[in-house]
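Generate coordinates for the entire structure from the input sequences, incorporating the hints supplied.
These protein sequences, in sequence, are chains H and C. Take 18 as the starting number for the first sequence in the numbering used here and just add one per residue. Take 9 as the starting number for the second sequence in the numbering used here and just add one per residue.
Among the hints, a few may not be true.
Below 20 Å or equal to it, Euclidean Cα-Cα: the simulated EDC-like pairs (lysine to aspartate or glutamate) are [as the list claims (entries may be wrong)]: (1) C:Lys22 - H:Asp466; (2) H:Lys425 - H:Glu446; (3) H:Lys261 - H:Asp370; (4) H:Lys398 - C:Glu39; (5) H:Lys228 - H:Asp189; (6) H:Lys521 - C:Glu301; (7) H:Lys487 - H:Glu421; (8) H:Lys405 - C:Asp44; (9) C:Lys22 - H:Asp370; (10) H:Lys373 - C:Asp43; (11) H:Lys521 - C:Glu39; (12) C:Lys464 - C:Glu392; (13) H:Lys373 - C:Asp72; (14) H:Lys398 - H:Glu339; (15) H:Lys405 - C:Glu39; (16) C:Lys464 - C:Asp365; (17) H:Lys405 - C:Glu36; (18) H:Lys405 - C:Asp35; (19) H:Lys521 - C:Glu321; (20) H:Lys330 - C:Asp72; (21) H:Lys487 - C:Glu319; (22) H:Lys261 - H:Asp225; (23) H:Lys254 - C:Asp44; (24) H:Lys373 - C:Asp20; (25) H:Lys425 - H:Asp370.
It is worth saying that the hints were derived from the structure and are not from the lab.
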Amino acid sequence: MSGLRRYHAPVWDEPLIMEMSAPGRRGNVPPEPIEELDPASVLPAGLLRATRAALPEVAEPDVLRHYLHLSQETMGMIGISLFGTCTMKYNPRAGEQLAQRDGLAELHPDQDDSTLQGLLEVVHRFDLMLRGLSGMDRFVFQAGGGAAAAFTHATVTRAYFAERGELAQRRDVITTQQAHPCNPATAAAAGFNVITLPLESDGYPSLDALKAVVSDRTAALMMNNPDDMGIYNPHVKEWVRTVKDAGGLAFYDHANFNGVMGRLRAAELGFDACMFMLHKTFGVSKGGGGPAVGAYGCTEELAPYLPGPLVEKTDDGYVRRENPSGVGRVREYSGNLNQVVKAYSWLTAMGGDGIKEAADLSVLANNYMETRLLALPGVTKAIPTMTKHRLEMTRFSLEEWSAETGLKATDVQNRMADFGIDAMWLSHEPWIVPEPFTPEAGESWSLEDIDYWIDVLAHVLEEGRTDPEKVRTAPHEQVVAQFDGAGLDRPDGWATTWRAHRRKTGRA
Amino acid sequence: MAHPYMPNSTDDAKARMLAAVGVADVDELFEQIPDDHVSRTPNGLAPGVRSEATLRRHVRRLIDRNDDCVANASFLGGGLWQHHVPAVVDEIVTRSEFLTSEWGTPSSDLGRNQAWFEFASLLGDLLEMDFVGLPVYSWGSAAGYAIRMAARMTGRGEVVVASSLSPERLKVIRTYCGTEGGNDLITVRVVDVDPATGTLDPAALALGPDTAAVYLETPNYLGVVETAAAEIAAAARANGTETVLGVDPSSLGLLATPAQLGADIVVGSTQPLGIHLHAGGGVGGFIATRDEERYARQYPTLQVSLGSTTEDEHSFGMVLFGQSSYGAREDGNDWTGNSVYLWTVANAVYMSLLGPDGFAELGRTILANAQYAARRVAEIDGVEVRWDGFFKEFVVDFSATGRTVAEINAGLREHGVFGGKDLSADFPGLGQSALYCVTEVHTADDIELLTDSLRKVLA
Chain H
18 MSGLRRYHAP
28 VWDEPLIMEM
38 SAPGRRGNVP
48 PEPIEELDPA
58 SVLPAGLLRA
68 TRAALPEVAE
78 PDVLRHYLHL
88 SQETMGMIGI
98 SLFGTCTMKY
108 NPRAGEQLAQ
118 RDGLAELHPD
128 QDDSTLQGLL
138 EVVHRFDLML
148 RGLSGMDRFV
158 FQAGGGAAAA
168 FTHATVTRAY
178 FAERGELAQR
188 RDVITTQQAH
198 PCNPATAAAA
208 GFNVITLPLE
218 SDGYPSLDAL
228 KAVVSDRTAA
238 LMMNNPDDMG
248 IYNPHVKEWV
258 RTVKDAGGLA
268 FYDHANFNGV
278 MGRLRAAELG
288 FDACMFMLHK
298 TFGVSKGGGG
308 PAVGAYGCTE
318 ELAPYLPGPL
328 VEKTDDGYVR
338 RENPSGVGRV
348 REYSGNLNQV
358 VKAYSWLTAM
368 GGDGIKEAAD
378 LSVLANNYME
388 TRLLALPGVT
398 KAIPTMTKHR
408 LEMTRFSLEE
418 WSAETGLKAT
428 DVQNRMADFG
438 IDAMWLSHEP
448 WIVPEPFTPE
458 AGESWSLEDI
468 DYWIDVLAHV
478 LEEGRTDPEK
488 VRTAPHEQVV
498 AQFDGAGLDR
508 PDGWATTWRA
518 HRRKTGRA
Chain C
9 MAHPYMPNST
19 DDAKARMLAA
29 VGVADVDELF
39 EQIPDDHVSR
49 TPNGLAPGVR
59 SEATLRRHVR
69 RLIDRNDDCV
79 ANASFLGGGL
89 WQHHVPAVVD
99 EIVTRSEFLT
109 SEWGTPSSDL
119 GRNQAWFEFA
129 SLLGDLLEMD
139 FVGLPVYSWG
149 SAAGYAIRMA
159 ARMTGRGEVV
169 VASSLSPERL
179 KVIRTYCGTE
189 GGNDLITVRV
199 VDVDPATGTL
209 DPAALALGPD
219 TAAVYLETPN
229 YLGVVETAAA
239 EIAAAARANG
249 TETVLGVDPS
259 SLGLLATPAQ
269 LGADIVVGST
279 QPLGIHLHAG
289 GGVGGFIATR
299 DEERYARQYP
309 TLQVSLGSTT
319 EDEHSFGMVL
329 FGQSSYGARE
339 DGNDWTGNSV
349 YLWTVANAVY
359 MSLLGPDGFA
369 ELGRTILANA
379 QYAARRVAEI
389 DGVEVRWDGF
399 FKEFVVDFSA
409 TGRTVAEINA
419 GLREHGVFGG
429 KDLSADFPGL
439 GQSALYCVTE
449 VHTADDIELL
459 TDSLRKVLA
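Below, the structure written as C-alpha cells:
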C-alpha cells in the first residue's frame with residue numbers, strides 16, 4: 018500500500034434525529050403572535066389537528082452537531098470524485114456566497130419587474146451567453162434539471178405539432194441506446210411512442226437504422242453526442258437532416274457538453290433545440306441531486322412554444338412576458354434563478370478563453386486516464402474497434418478481471434471508497450458493457466488527484482487477485498460496512514419513513 | 009496564467025499529460041469530430057475574469073440592484089411564502105460536503121442518505137403518512153405526478169380540480185396531463201368554488217366513472233381552509249376515485265393532517281420548511297401516501313429506505329429503483345432526474361429545530377397574524393376582505409375604491425411595501441382583488457406600515 022494515503026472516514030455512530038428526542042427540548046421558537054387568537058374561534062374543531070405531531074424534541078446545538086456529523090459522513094467534496102456522465106467539478110465559493118445575499122435569496126417572483134432589474138439583467142445576459150455557445154435564438158431556465166429540459170422539449174414538440182394539426186400523426190420519438198434514460202422517459206411521459214436505435218460495432222447506430230424508422234410519423238429525435246462512452250457520431254449532421262426532411266424536430270441533449278464546449282454549436286449542426294445542464298457543465302453545485310437547472314434553448318421557429326415567462330430587454334429595462342402559444346409551465350415560476358446567477362458568475366470567471374481551456378483540459382485528462390487505465394491488466398474499454406481518441410469520458414470494462422477474480426465492478430467501487438475515492442459511476446441502463454465503469458476527470462481535479470485515483474484502482478485490482486475476500490467484503494475504512502439491500506424491494510422490507518420502520522419492526 | 013478553478017491549467021501539467029498520451033497538440037484529441045462540425049464563429053464571450061475580487065464586485069452590483077423582501081415589507085405569497093429560516097439551516101445547507109456531492113454509495117454518502125431519510129420521516133410525522141418519496145421539482149410537479157399515479161392506478165382519464173387552484177400550478181398540471189392526440193391523455197375538469205365561501209362544495213364535484221382523481225388543496229390558493237375536505241375524500245373513495253390533497257406544511261402543527269382528512273396521495277411544497285424564496289428557485293414538491301404496495305409501485309420518484317449493513321448497522325439504500333426511468337427508461341413510472349435533494353437537508357434541519365411544539369406555535373402565530381392583518385385592512389374605507397376561515401393568506405377586494413390593484417401596488421412600492429398578488433386577470437370574478445400573505449415574520453409595525461400606506465395610496 019506504499020504510496021497510497023491512509024484514510025479512514027469519520028465514524029460517529031450517529032443516531033437518527035428521531036432517536037435524539039428528549040421531552041421539552043426546543044431548537045427554535047417562532048415569534049409570539051401580534052395578538053392572541055384562539056384557533057377554535059375562527060376554524061371548526063374538525064379542521065384542527067387532533068394529535069400532536071410525533072416530531073423529535075431537540076435543542077439547537079444538538080441539531081447543529083447532528084447535521085455536522087452527517088456532513089462529515091458524506092464524502093462529496095472531501096474525497097476525489099471522478100464520477101463520469103455527471104461531470105463533477107468545483108463549485109466556486111464566490112457564487113455560493115453571492116447567492117446567499119438578500120438581494121437574491123429574499124426575492125419573490127411575483128414582485129414587480131421594476132424591483133427585479135438586477136436579476137432579470139443577469140438572466141438576459143446569461144441567455145445571450147448561451148445563445149453564443151449554441152447558436153440558438155432563445156433560452157429558458159424553467160426546467161429544474163436536465164431531465165426536466167428533455168421533458169420541456171417533449172412538450173414543446175407536442176405543442177408544435179398540435180398547432181399544425183399533426184399531433185395525431187406524429188407519434189414517434191427516436192432515441193438511441195446510449196441516450197440518457199430521461200430522453201425516452203420524457204418522450205413517453207409527454208405521450209409519444211419511443212423508438213430506440215441499437216449501437217453498431219463502431220459505437221453508434223447506423224444512418225441506415227435511422228432511415229429505416231424515420232417516417233411521416235416522426236415527431237422528434239432526442240440524442241446525446243458525444244454519448245456516455247465518449248463516442249461522437251460523425252454523421253450527426255446527416256441524422257439531423259434525415260429527421261428534419263421527414264418533418265421531425267431534432268433535440269441535442271448536451272449532457273456531455275463539457276468536452277466540446279466552445280467547439281460545437283448545436284444550431285450549426287442543424288438542431289432545432291438543445292439543453293445545457295448548469296449544475297454540471299457551468300460550475301453550479303449539484304447538491305446531491307438539485308436544485309438544478311436544465312437551460313433549454315431553441316430556434317426562432319420553436320420559440321413561440323416555449324414555457325413562459327420569457328425575459329426581454331426593452332427601452333424601459335428588463336421585463337418578463339408570457340408566451341401566449343407556449344406550453345404554459347413545466348414548473349412554477351422562472352426556474353432556479355439562484356443557480357442561474359451562480360452559472361453566470363462561473364461563466365464570467367471562465368470567459369471564452371476559459372471554457373475552451375476547460376474543454377481541452379477535460380479531454381486531455383480523460384485521455385491521460387485512458388492511457389494509464391488501459392495499461393492495467395484486466396481493464397479494457399467499451400467498443401474497442403473505435404480507436405480514435407475519446408471525448409469527455411471513456412467507458413471501461415472489468416470483464417476480464419471479473420472472470421479472473423470472481424469479483425464485480427461494484428466490489429471495486431466499494432473498496433476504492435476505503436482510500437477516499439467517492440463511488441465511481443458504472444453505467445446507465447441498459448448495461449451493454451459487462452462490469453462497466455465510467456470515470457471522468459474533468460478540468461477541476463489536479464493531475465495528482467487523477468494519479469491517486471488510478472493508483473488506488475491499480476491497488477484494488479491487484480488486491481482482487483491476492484486477497485479477493487478483502488475486496489468482496491469492502492468497505493472496511495468507511496463510515497459503515499457494505500449495505501445489504503436484499504429484500505428491500507418487498508413491502509415488508511422497505512421503510513421510507515421512521516414511522517413505517519417502527520410499525521414493521523414492532524416498535525411502537 | 010493558470011486559472012484558479014483549474015489545477016491542470018499550468019504548462020507543466022499540460023506537458024506531462026500530452027507526453028503520457030503521446031500527442032503533440034491537444035487538438036489531435038478531437039479527431040472524432042469532423043472538421044466541418046467545428047464552429048468557426050466567435051462565441052461572443054469576453055475573456056475570463058480571473059480575479060475573484062473583480063468578479064464578486066461585478067455580480068454583487070447586479071444582485072444588489074434588486075429590491076428585496078427584507079428591505080421592504082412584503083405581502084406576496086401564493087405558493088411561495090416568506091418564512092423565517094433559522095441560521096442553523098443556512099449553516100448546514102451550504103456545507104461543501106452536501107453541496108458538491110453526487111450519487112455515492114450507501115457507505116460513502118451515509119450522512120447525506122441519512123439526512124434524506126430523516127427528511128422523509130419527519131415529513132411523514134407531520135403529514136401522518138408512512139411512505140414518502142424523495143422530492144420532485146415543485147408543488148405543481150408533485151401534483152402533476154400524483155394525478156398521473158392516480159390515472160395509472162385507476163385506469164381512468166379525468167381529474168377534477170377546484171377553480172380556486174393557483175393559475176401557476178394549474179398550468180403545470182395541464183402540462184403533465186397531456187394534450188389531445190397524445191397517448192395517456194388526462195382531462196382536467198375545473199369545478200367552480202362557492203363564491204360565498206371560497207370553498208369547494210362536495211355536491212358540485214359530479215364524480216363519474218372515468219374520474220381518476222380529485223385534486224384539492226387546503227388551505228386553497230385563495231387562502232381558505234377547505235371545510236369539506238373529509239367529505240370530498242369520502243365521496244371520492246365511494247366512487248373509486250383517488251383523493252390527491254395539496255397541503256402547506258407550515259399549517260400542519262395547527263390544521264388537520266391529510267391522514268385525518270382521508271387523503272390518499274398527499275402533495276405540497278417543501279419551501280416553507282426552511283428554504284428562502286430565491287426568486288422562485290426555492291421550490292420543491294413532495295409526494296406521500298400510506299405505505300401500501302399499490303401506491304409504492306407507482307411512485308415516479310426515487311425513494312430511500314432504512315436498511316442494514318452486513319454488520320447490522322443502520323444504513324440507507326434506494327428502493328424500487330427498477331421502476332424509475334433510470335431503471336426502466338420509457339417503461340418506468342414517468343421520469344426522474346436531478347430534483348431538489350439539497351433542500352431536503354434544509355427541510356430536515358428545519359423540522360428538527362421546530363419539533364412538535366414549534367410547529368403548533370408557528371401555526372397559531374401565522375393564523376393570528378393573518379387574521380389580525382385582515383381585520384386591520386378591512387377597517388379601511390372601501391376595502392373588503394372576501395372570506396374568513398383562512399390560514400395565512402386572504403383575498404382583499406379593492407373594487408369599491410375605484411382603483412386597480414396595479415395602481416395600488418405601484419403606490420405601495422413608494423412606501424416600501426410589496427402589496428398582495430394581483431388576482432384581477434386570473435380571477436376576473438373577484439374584481440380588483442389581491443391575495444395577501446402574512447406569516448410569522450410579520451410584525452405589528454409591518455401591518456401598521458401596510459394600513460397607513462394603503463390609506464395614503466387610496467386617499
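Problem set entry | Violations among the numbered hints, reported as their numbers in ascending order | Of the numbered hints, 3, 11, 13, 14, 16 and 25 do not hold.
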